[in-house]
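Below are the chains, spelled out letter by letter.
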Amino acid sequence: MTHADRHTVALLGNPNTGKSSLFTALTGTRQKIANFPGVTVEAKLGTAKFENSEITIIDLPGTYSLSARSPDERVATEALLGRVPGTPRPDGVIIVLDASNLERNLYLATQVLEFGLPAVIALTMLDVAQSRGITIDVEMLGNQLNATVVPVNSPQGKGIDALKAALHRTLHHPGKALHVPFGDDFTKSVDDLHAAVCDLSVRLGFKPARPEALRLLVDGAGPFFDECEQVGGKAFADSLQTLRERAAAGRSLALLEAQARYGLIGGWVAKARTSDDDGKRTRTDRVDAVLTNKVWGTLIFMVLMLLVFQSIYAWAGPLMEGIEQGVGALGGLLLALVPDGMPILYSLLKDGVIGGVGGVLVFLPQILILFLFIAILEDLGYMSRAAFLMDRVMAPLGLNGRSFIPLLSSFACAIPGIMGTRVIEDRNTRLTTIFLAPFMSCSARLPVYTLFIAAFVPEHGVGPFNLQGLVLFAMYWVGVLFAIPTALVLKRGILKSKVSPFLMELPSYKMPRPRAVARVLVERGTAFIKRAGTIIFAVAIIVWALAYFPRDGAMIEKHDAAIAASEDEVAAAIATIARDGGFSPDDEALAAAIADIEELTATHEESVSAAEETIVNGAELEAALEERAAAFAAAMLELKRRHGAAFEPAQAIFTTRIEGDEAVTTLEKRRDGELLAGSFLGIAGHAIEPAVKPLGWDWRIGMAAIASFPAREVIIASLGTIFNLGGDEDEESESLRHVLVDAKDKEGNPLFTLATALSIMVFFALCAQCAATLAIIRRETNSWKWPIASFTYMTSLAYVAALLTYQTASALGA
Amino acid sequence: MIEYAIVATVLFAAAAFAAWRVWRTLRVSQGKAEGHNCAKCPAAVKLE
Chain A
2 MTHADRHTVA LLGNPNTGKS SLFTALTGTR QKIANFPGVT VEAKLGTAKF
52 ENSEITIIDL PGTYSLSARS PDERVATEAL LGRVPGTPRP DGVIIVLDAS
102 NLERNLYLAT QVLEFGLPAV IALTMLDVAQ SRGITIDVEM LGNQLNATVV
152 PVNSPQGKGI DALKAALHRT LHHPGKALHV PFGDDFTKSV DDLHAAVCDL
202 SVRLGFKPAR PEALRLLVDG AGPFFDECEQ VGGKAFADSL QTLRERAAAG
252 RSLALLEAQA RYGLIGGWVA KARTSDDDGK RTRTDRVDAV LTNKVWGTLI
302 FMVLMLLVFQ SIYAWAGPLM EGIEQGVGAL GGLLLALVPD GMPILYSLLK
352 DGVIGGVGGV LVFLPQILIL FLFIAILEDL GYMSRAAFLM DRVMAPLGLN
402 GRSFIPLLSS FACAIPGIMG TRVIEDRNTR LTTIFLAPFM SCSARLPVYT
452 LFIAAFVPEH GVGPFNLQGL VLFAMYWVGV LFAIPTALVL KRGILKSKVS
502 PFLMELPSYK MPRPRAVARV LVERGTAFIK RAGTIIFAVA IIVWALAYFP
552 RDGAMIEKHD AAIAASEDEV AAAIATIARD GGFSPDDEAL AAAIADIEEL
602 TATHEESVSA AEETIVNGAE LEAALEERAA AFAAAMLELK RRHGAAFEPA
652 QAIFTTRIEG DEAVTTLEKR RDGELLAGSF LGIAGHAIEP AVKPLGWDWR
702 IGMAAIASFP AREVIIASLG TIFNLGGDED EESESLRHVL VDAKDKEGNP
752 LFTLATALSI MVFFALCAQC AATLAIIRRE TNSWKWPIAS FTYMTSLAYV
802 AALLTYQTAS ALGA
Chain B
159 MIEYAIVATV LFAAAAFAAW RVWRTLRVSQ GKAEGHNCAK CPAAVKLE
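Top line first, the protein sequences correspond to chains A and B. Residue numbers for the first sequence, in the working numbering: 2 to 815. Residue numbers for the second sequence, in the working numbering: 159 to 206.
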């Protein structure tokens, strides 16, 4: 194969024009990803074969224009000119045009054709255009554009060979650059600016093309301007300003450009396109009429979100129990491996690893259910409609429409949201969006909300909804509600700027693809488990060590002696009771009577718990409990009759044993509580307790919240470790949820109330507890000022809001 | 003795990992290391 048979071609078009499908149809599976340095977008490279030619195709990110205000947008121009390291210089270009949106697509085409690269037009979506009664005269359109136009249908493979043949021909017979008729002053200014930037070419390291000078003139800012200003200095900036003023002649340059291009496009389209008078509406149009309606659309959006949060509760329960049992079984196996006489290692595994990290893993189903919905809605094409609705709701806040995509993204994770703000060209709007992103409830907050809601919010129905689901839904709105006034203050104060219009494509609806949805679930599930196994694991171990050490040997001995004395006392009391009843302590008849009493009591208690859990009506519950008490009394009488003289002492021994066990448990808890209080964590915790007391927290919650500053989910692991070490778990405590419900304060009252739970959740909704997010803010703003401001503001706000929540909820009796 | 060795190793590993994360976070904050790539992150909500 000779060098002449190898070519490189760029594939360019608006988003949602079928560009990616065309790329796949052209290249098959011969693809690789190319990262552009310093920007968030990426390109795919693939190879197409035609006869004996090999064509490398660069699939550039979808864009509406070559306007280069942000680094991401500049990439397309740089790639067209072959200036991206590691990406070959294109010999030609395929411009993808959506036949159903011809004018808007041709806007980008006019900009690309100005570069004079050999170009072929791939006309997609002809079926959609036809369904709307639009007919395109392909030959006429080609004549107008002075380029070959090939209709293609990539999914069906139609037109692909014709496109390759046209590309092959064009690459060997290039056409001329398109001339867009701008006004005289405008054209002269572009020429003068082109000459000026060419003078800088040696220092720039490349020779700028004329269309780049045009962009520089119109945009007046962006990465290319920065490069020119760096080498040309203030003199260059001044001369650019003079040329801009001359070209504009008192008008907007962007408007002059748009008028010239759309004037040209209007003439082409008038000749090449015919449409029915009443262009038919597609199914997508009809659905959108409802889903993007100000009232109905918003209502449907709210109901949809409510259903998502309801489902998290309805579906996650059984799965969580499964994981709880799995973690418990695995933990049991792990603990069985620890040899006797290794209490520190045993506690590290039991309280640090199983109680800490195991407690976090339980929340995997909820994360997966949330992302299942997000993935389905994304693939369905609904997310764009949600962004459109939110855009309209929040536009009065002075935010650019482009802010909504990063903010929407931040509901999953603030980091990609903040990085996504690079597409916002206005600095102040970008900073405002970065500042607001951490307010959106990311998926790391979900386990915190669900833990406290499941433990402390009753499972009552409210109309068709469940109260727990409603509270979760409300928690997602807390961040948004606080973000609104924050945005208002920023955009009207220090970050004031004009609102620029925003163009967003609403793609056609399509059936969600099971494989795409499954991929999202696998990626999210893996990311969550990886997080639990790395950073959460490390912090949980450190928290365990701080809560375990130092161990006061004298104190342990003192408590263990008291426990042993209590056990001896019980044993002596049991022996006395047996002897007084005329039995030896190990008498078989006595043992049988005790076993029967134990079994009957356990069955009765289970039956009472089941009734309390299932019967909601107060009167019905009372009746059921009375019925069970009567049955229990009758069964006891039967046991008395059956065991005769052994029954009375057996009953007394049974009661003594229970009281003895309770006394030992109390002593153990006191020992564990004192050891925890004397640990490094306990000493620090008591020091900070006065600060968290007004929020309804004790020092243990305060320390768990502080430990969560690197990552929010750490609170789950920390609470598990702290309360396990503090002796708050027992055989009844199947999960952290139960441990928290049973936890007591110093006075023996329940530590957590609904007010405490709400206070913790509000704190977590608003606090900047994510080191990675703060690092990304620093990187994206190139200053420590913004992460420090974000951290200080959000943490203060979280404290005040949690304080008000607790005080108000307590006053209301929660 | 074995118990102390195991516990100390685990603690040292956890502390070293945490310190490495702090160091990496600082490098990411200064743009000296890649932390999270928006285009690749599965958490990024895609609208197209």
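Just so you know, the hints here were simulated from the structure itself, not pulled from any lab data. These numbers were taken from a predicted model, which means no experiment stands behind them. It is possible that some hints are incorrect.
[To be verified] Below 25 Å or equal to it, Euclidean Cα-Cα: the simulated PhoX-like pairs (lysine-lysine) are:
| no. | chain 1 | residue 1 | chain 2 | residue 2 |
| --- | --- | --- | --- | --- |
| 1 | B | Lys190 | A | Lys786 |
| 2 | A | Lys45 | A | Lys165 |
| 3 | A | Lys786 | A | Lys670 |
| 4 | A | Lys165 | A | Lys208 |
| 5 | A | Lys694 | A | Lys559 |
| 6 | A | Lys745 | B | Lys190 |
Non-conforming hints, listed in increasing numerical order: The structure breaks hints 3, 4, 5 and 6; every other hint is satisfied.
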